[in-house]
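Please model the complete structure; the sequences and the hints are all you need to start from.
Each protein sequence line maps, in turn, to chains A and B. All residue numbers for the first sequence refer to the numbering used here, where the first residue is 1347 and numbers rise by one. All residue numbers for the second sequence refer to the numbering used here, where the first residue is 362 and numbers rise by one.
Bear in mind the hints are in silico, worked out from the structure with no lab data behind them. Take the hints with a grain of salt, since some may be wrong.
For each label pair, taking beta carbons as the anchor points, the in silico distance ranges come out as [as the list claims (entries may be wrong)]: (1) A:Glu1371 with B:Asp537: 37 to 43 angstroms; (2) A:Ser1384 with B:Asp537: 47 to 53 angstroms; (3) B:Gln394 with A:Asp1437: 48 to 54 angstroms.
Calculated Cβ distances over 12 angstroms to all of chain B for the following chain A residues [to be verified]: (4) Glu1371; (5) Lys1373; (6) Gln1410; (7) Ser1417; (8) Pro1428; (9) Ser1431; (10) Thr1447; (11) Leu1457; (12) Leu1467; (13) Gly1470; (14) Gln1536.
Heads up, simulated BS3-like pairs for lysine-lysine below, C-alpha to C-alpha not over 27 angstroms straight-line [claimed, not checked]: (15) A:Lys1541 with A:Lys1373; (16) A:Lys1373 with A:Lys1423; (17) A:Lys1543 with B:Lys622; (18) A:Lys1422 with A:Lys1448; (19) A:Lys1543 with A:Lys1503; (20) A:Lys1422 with B:Lys540; (21) A:Lys1351 with A:Lys1408; (22) A:Lys1422 with B:Lys622.
Beta carbons are placed, not taken as given, at the ideal position from N, Cα and C, and that holds for glycine.
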Amino acid sequence: MIRPKLPLLELRDFQFFDFVPCSLELKEGEVLGIQGASGSGKSLLLKAIADLVPNQGMAFYKGQAAEAFGSADWRKKIGYLPAVSAWWFDDVASHCSEWDTKGLEALGLDLDVLNWPVSRLSTGERQRLALVRLLSHSPSVLLLDEPTASLDTANRKLFEDLLERWLSVEQRAAIVVSHDPAQLERLATQQSVLKEKMLVSI
Amino acid sequence: MISLSVLDLAAASALVLLLAATSFWLQLSLERQLLVAAVRSWVQLALVGLVLKQIFLLKNPWILALIGLVMLLVAAKEVLSRQQRRFSGYWSYGIGAGSMFISSFSITFLALLFLLGNQPWWEPQYSVPLLGMMLGNTMNGIALGLNQVTEKAYVERDLIEGRLALGQSSGEAVSDIRKRAVQVGLTPILSTMAIAGLVSLPGMMTGQILAGGDPFEASKYQVMIIFMIAGGTGFGVLFSVFTASYRLFDQRGRLRLDRLKSRKF
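Right under this line is the structure:
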């Protein structure tokens, strides 16, 4: 008998603040694209899934409830990339114990940036470095909040290629929030829109 | 000790009156405030002097405990009033009172018991002024440290959440802010210790010398007091900063700024 594969991420009547409870399933290799007007709560939804804001209902990783994980372990599995990345040391290198040099190259970053002070980085460089840093923690599900908002077309392409290569490995899936419908068309296997505090599939 | 007569005090008050007259003349509109403040300080200190005199005579440990409690609550209220953002519910008052208790009560208790060794150990003549000095001097550092940790956490919320998102524990995510807050809380006492005696004589030492005490004896008391204040401030600040940073997160390690409320101006 073949056991049906459990979804990597599942939300059941998942609710935060005054939003309408939502349910979704994300299986291996799938990408859920989420659209919605500014201020519609897209970032909040990603934060809630990463368990960074209080939430009710159920969230599962491979059938195991979020409560079964320590919050830090859950966040390592469900890697959330905020729209504005966090940097707390003066230099870039200290922010990660093992920088993935291949990942840096794939995103068109010179390895020399690791020796730079954070203050020298452009917004786009921060965004790309933050993704490489997140991937080094080997998450299983990515929650990406406007990941290419500060990137030009060429770098956007590099990012999308990297994401597709990353997804081609087993046990990986992603949720991407974007204001770019064409990008979601390219990346997403399913799409939803967040409107009037409700997540609706389209 | 040279006793001060009412006439001496009247002469000193003439200075304040002169200042008030100058303020009136220059239209600084400070004269009213100045006179009220002068009268207040005179009346308050005179009353405290009278009350202390009675307490020193009564030697009742229960009255002493009651006075200590009132002093603690007033100090905690003062710490609270200096917070831009306070915790909702009893936490705000509790953190202030808890830190002040650690910074002042425990240290005063140890000093009375092991350094001074009076019979009884709570001899009001020593315990009341010591406790008052501890509360007054450690309050500043605690208020500063506590304000720093909540204010920084509020301003740097994205940074904290970004670190949490990378799987850091709440303790790690807030560690830099905590460290900075403890440093800020300890800065006043550190500079006090560094310049002690060089710029000005500390108040207690001045008082003892004016009252006819031996300056070297006075300095020994002052050193003891400074060390007590440093220890009290340090542990009080640590307690307040760690308790506050603990309360900023819930059991799932989420940053809960909704537990803070901004001060209404």
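Go through the numbered hints given earlier and state which of them the structure violates, listing their numbers in rising order. Going through the list in order, the structure violates hints 2, 7, 8, 9, 19, 22 and respects the others.
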